[in-house]
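Engineer: Below, each chain spelled out in residue letters.
Number of protein chains: 2
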Amino acid sequence: MSALEERVKSLRRGASALSMTDDDTRKKALLAMADAILARRDEIGKANAADIEKAEKDGTSSSLLHRLKFTDDKIASAVKGLRELSQLPDPVGKVREMRELDPGFVLKKVAFPIGVIAMIFEARPDALVQIAGLALRSANAVVLKGGREAENSNRTLISIIREATEDIVKADWILGIESHADVDTLLTLEKDIDLVIPRGSNRFVRYVMDHTHIPVIGHSDGICSVYVDASADIDMAVRIAVDSKTQYPAACNAAETFLVHRDIAPAFLPKLGEAFRQCGVKIHGDEEARKSIPDAVPATEDDFHTEYLSLECAVKVVQSIDEAIEHIAEHGSHHTDSIVASSDEAKDLFFRSVDSADVFANCSTRFADGFRFGLGAEVGISTSKIHARGPVGLEGLMTTKWLLSGNGEIVADYSGADGKSFHHKELM
Amino acid sequence: MSALEERVKSLRRGASALSMTDDDTRKKALLAMADAILARRDEIGKANAADIEKAEKDGTSSSLLHRLKFTDDKIASAVKGLRELSQLPDPVGKVREMRELDPGFVLKKVAFPIGVIAMIFEARPDALVQIAGLALRSANAVVLKGGREAENSNRTLISIIREATEDIVKADWILGIESHADVDTLLTLEKDIDLVIPRGSNRFVRYVMDHTHIPVIGHSDGICSVYVDASADIDMAVRIAVDSKTQYPAACNAAETFLVHRDIAPAFLPKLGEAFRQCGVKIHGDEEARKSIPDAVPATEDDFHTEYLSLECAVKVVQSIDEAIEHIAEHGSHHTDSIVASSDEAKDLFFRSVDSADVFANCSTRFADGFRFGLGAEVGISTSKIHARGPVGLEGLMTTKWLLSGNGEIVADYSGADGKSFHHKELM
Numbered sequence: 425m426s427a428l429e430e431r432v433k434s435l436r437r438g439a440s441a442l443s444m445t446d447d448d449t450r451k452k453a454l455l456a457m458a459d460a461i462l463a464r465r466d467e468i469g470k471a472n473a474a475d476i477e478k479a480e481k482d483g484t485s486s487s488l489l490h491r492l493k494f495t496d497d498k499i500a501s502a503v504k505g506l507r508e509l510s511q512l513p514d515p516v517g518k519v520r521e522m523r524e525l526d527p528g529f530v531l532k533k534v535a536f537p538i539g540v541i542a543m544i545f546e547a548r549p550d551a552l553v554q555i556a557g558l559a560l561r562s563a564n565a566v567v568l569k570g571g572r573e574a575e576n577s578n579r580t581l582i583s584i585i586r587e588a589t590e591d592i593v594k595a596d597w598i599l600g601i602e603s604h605a606d607v608d609t610l611l612t613l614e615k616d617i618d619l620v621i622p623r624g625s626n627r628f629v630r631y632v633m634d635h636t637h638i639p640v641i642g643h644s645d646g647i648c649s650v651y652v653d654a655s656a657d658i659d660m661a662v663r664i665a666v667d668s669k670t671q672y673p674a675a676c677n678a679a680e681t682f683l684v685h686r687d688i689a690p691a692f693l694p695k696l697g698e699a700f701r702q703c704g705v706k707i708h709g710d711e712e713a714r715k716s717i718p719d720a721v722p723a724t725e726d727d728f729h730t731e732y733l734s735l736e737c738a739v740k741v742v743q744s745i746d747e748a749i750e751h752i753a754e755h756g757s758h759h760t761d762s763i764v765a766s767s768d769e770a771k772d773l774f775f776r777s778v779d780s781a782d783v784f785a786n787c788s789t790r791f792a793d794g795f796r797f798g799l800g801a802e803v804g805i806s807t808s809k810i811h812a813r814g815p816v817g818l819e820g821l822m823t824t825k826w827l828l829s830g831n832g833e834i835v836a837d838y839s840g841a842d843g844k845s846f847h848h849k850e851l852m
Numbered sequence: 425m426s427a428l429e430e431r432v433k434s435l436r437r438g439a440s441a442l443s444m445t446d447d448d449t450r451k452k453a454l455l456a457m458a459d460a461i462l463a464r465r466d467e468i469g470k471a472n473a474a475d476i477e478k479a480e481k482d483g484t485s486s487s488l489l490h491r492l493k494f495t496d497d498k499i500a501s502a503v504k505g506l507r508e509l510s511q512l513p514d515p516v517g518k519v520r521e522m523r524e525l526d527p528g529f530v531l532k533k534v535a536f537p538i539g540v541i542a543m544i545f546e547a548r549p550d551a552l553v554q555i556a557g558l559a560l561r562s563a564n565a566v567v568l569k570g571g572r573e574a575e576n577s578n579r580t581l582i583s584i585i586r587e588a589t590e591d592i593v594k595a596d597w598i599l600g601i602e603s604h605a606d607v608d609t610l611l612t613l614e615k616d617i618d619l620v621i622p623r624g625s626n627r628f629v630r631y632v633m634d635h636t637h638i639p640v641i642g643h644s645d646g647i648c649s650v651y652v653d654a655s656a657d658i659d660m661a662v663r664i665a666v667d668s669k670t671q672y673p674a675a676c677n678a679a680e681t682f683l684v685h686r687d688i689a690p691a692f693l694p695k696l697g698e699a700f701r702q703c704g705v706k707i708h709g710d711e712e713a714r715k716s717i718p719d720a721v722p723a724t725e726d727d728f729h730t731e732y733l734s735l736e737c738a739v740k741v742v743q744s745i746d747e748a749i750e751h752i753a754e755h756g757s758h759h760t761d762s763i764v765a766s767s768d769e770a771k772d773l774f775f776r777s778v779d780s781a782d783v784f785a786n787c788s789t790r791f792a793d794g795f796r797f798g799l800g801a802e803v804g805i806s807t808s809k810i811h812a813r814g815p816v817g818l819e820g821l822m823t824t825k826w827l828l829s830g831n832g833e834i835v836a837d838y839s840g841a842d843g844k845s846f847h848h849k850e851l852m
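Listed in order, the protein sequences are those of chains H and L.
Counting from 1, position 202 in the first sequence corresponds to residue 626 in the numbering used here; the numbering is continuous, with no gaps.
Counting from 1, position 369 in the second sequence corresponds to residue 793 in the numbering used here; the numbering is continuous, with no gaps.
Be a bit skeptical, because a hint or two may be false.
[Unchecked claim] Cut-off 25 Å, straight-line C-alpha distance, at most; resulting in silico cross-link-like pairs (DSS-like, lysine-lysine):
id : chain 1 : residue 1 : chain 2 : residue 2
1  : L       : LYS518    : L       : LYS532
2  : L       : LYS518    : H       : LYS518
3  : H       : LYS433    : H       : LYS594
4  : L       : LYS844    : H       : LYS504
5  : H       : LYS533    : L       : LYS532
6  : H       : LYS844    : L       : LYS498
7  : L       : LYS518    : H       : LYS533
8  : L       : LYS533    : H       : LYS532
9  : H       : LYS518    : L       : LYS533
10 : L       : LYS433    : L       : LYS615
11 : L       : LYS498    : H       : LYS533
In case anyone wonders, no lab produced these hints; they're calculated from the structure.
Only a predicted model underlies this, so the values are computations on that prediction, with no experimental measurement involved.
For reference, chain H alone in the conformation it holds in the complex:
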């Protein structure tokens, strides 16, 4: 057994102990974690400075450097996040169904922590703090693999978190790993890891999905579309298109493709072209679209399969809402798609027939987010159809148990022609 395997086995036992802790204990641990991070922020700053120095030497991009930097503001906000998490209602033990099978014979479905979760995420020390907090709140043990560039920050944060919490929860619940070889080993430990949540580049998430039999939730691509229906309010459609594309182009919920009904194209497209020109968005247009936006470059089939993640997009004129829906089914990534329409019929059809995690009407695709959805916090966005779909909050870190409490009931008494029958009375 490798060293990593042994440490994960210890985490499995820790998960079991953690699942038994009460709400107050986990709240106390979250607050202790917050206090320790504040108290030891100099130490964290030093480790972070070492990461930044190395990243600068390596010529790391400014956007990555920006995410890597764990400034005092970010530390304060991470600490605030932990304190807010401690105030959220305890997800453990929440009753989801309750039914009396027969008088006094009561079945409950209750929420229970999943166990050991592996989270793989980008080089953002604040993400580490948030993920560790979510795991502790939901009583799950966690293996953390943060971006390589944040190695020193991660190591320091994990040891601070462990020292602040282990005496309170009395469980080995948090483990950091650093090498790619360890990730590969991790992906084989299906007996002791219950769920993998990978974030980061599309290629990396796809790699994880292809190399493990452990359940994975997450998303590789975010090819989101905005469809502008013939019934759309044109000014609204322009505002939504601009927000969906430019408010944060690197986000997975930014729009990449704009589909425009032919009846509204001549009126809408010139305005879209003008708005995008002002924001510096490059347009790849199909032949019909380029009639109204002459400076657009010709779109290839590939453009409609591309997640630009930058100020670039593809525009296509469609003959009908059905063509738009088909286009999304063929080219989209089942993440987030929005219709702009004033017709209720069109909105209804779009809601019913687009098979994506998030289907929106008359608002920006950028609203696809756990915080905006009111989930408290977000572990990631899942395009899987299993377990959790769309923004995943604390609930996505829970499984359930069926608890059945009887008074000596046996199945033989409920069998055969003369057997008793169940009354299945819903109690909630």
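For this one, chain H is given, so just place chain L on it according to the hints.
Structural biologist: Chain L only, in chain H's frame:
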């Protein structure tokens, strides 16, 4: 592209069409399916007779022959099941969460069919009818692979079901496959199959889990335990033990292991031994247990990892409830475990700390079943912690979509220091 791949692609389009059908259409199709099976029962009988003849020639076991035989009674009961299914509330579109993000900006989480589900199951024609019915009720397309011994019956049933329903739902939604090679191909089609539900032998289910990246729900092992606490009512404990072991020994929810607190062992074990002797149950006992049941054979460590599925079991005396809980964590398969106890404290501890799909108190493990739980019908029992755990009914065949309906909202308006904030008002 192989022929199978093309047929599955067609099913993917069919799933999309099926997801758009309304409740009445699917009800009508279920009733047409029921009528067609009744009307064409001679044809079904002939195909089934051919399967039986071949199975008898091959020296198939009588229990398999019994399951294979699609008698008039079984046909009538399958048809009744379909009619009952048509009366269940439509799972599609059921609102699970509803929240206003800001005035007039409403988010809903609604149930939606998963898409294309592959079901692999034992040689039971009645199971085929039930599974096809569940798929149709939940608007999912389905690939069916039944036991090889039922090949003729399956082929006939699938063509009858297809002919009776396709004109009504206007969708290619049901496909039968027969060869192991096709199963292997199927397991690679992760783009077009959303979920695999395998039933059957442990070895086969394990094979499926190890050979696909498609999500799988199901269970390979069913090592269920009954723990008899020091506080147990002895007569109740004997009745529960007998029912859990003997009411249907071949079922996955039958008990294999009995753990007995040392304080009650001298009073309980002789009675258990006597009851098991009368039912013909062979006992593998640990040293302590054999002091009270002299005719038990010595238990090896392997016995506590064995799913006998027959009139055989393992018995162990434990020093404490904690030892019982640890034993179950180490040896059980997280399926169903039951405690017999009159102490509320003991029951509570057992409920909180046993991490199994079904945790019972003072009743037989045999109650772990979708029908008995009041789920209407059962696709299978899952020991996975993801998506669905324990008996899986119609709800396990559903995913969700987030539908967000606005009036031109953009994220830019909710950003920055002066940005609007969400009011996140729960509407249900």
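Engineer: Look at each hint and say if it fits the structure.
Structural biologist: To see whether the hints hold, each was checked on the structure:
Our distance criterion of 25 Å between C-alpha atoms is met by LYS518/L and LYS532/L, whose separation comes to about 10 Å. Proximity of LYS518/L to LYS518/H is assessed by CA-CA distance (about 21 Å); at most 25 Å being required, the pair is judged to hold. Between LYS433/H and LYS594/H the CA atoms are separated by roughly 16 Å; this keeps the pair inside 25 Å, and the hint holds. Distance restraint check for LYS844/L and LYS504/H: the Cα-Cα separation of roughly 20 Å lies within the 25 Å cut-off, and the hinted pair is therefore satisfied.
A threshold of 25 Å between alpha carbons decides the hint, and for LYS533/H with LYS532/L the separation of about 23 Å falls inside it, so the pair holds. About 22 Å separates the Cα atoms of LYS844/H and LYS498/L, which keeps this hinted pair within 25 Å; it holds. A C-alpha spacing of about 19 Å is found between LYS518/L and LYS533/H, which places the hinted pair at or below 25 Å, so the restraint holds. Proximity of LYS533/L to LYS532/H is assessed by CA-CA distance (about 23 Å); at most 25 Å being required, the pair is judged to hold.
A C-alpha spacing of about 19 Å is found between LYS518/H and LYS533/L, which places the hinted pair at or below 25 Å, so the restraint holds. Between LYS433/L and LYS615/L, the direct Cα distance comes to roughly 9 Å. Compliance with the 25 Å bound is thereby established for this hinted pair. In summary, the hint linking LYS498/L to LYS533/H is not supported, as the alpha carbons are separated by about 32 Å, beyond the 25 Å threshold.
The earlier numbered hint that this structure contradicts is number 11, and it is the only one.
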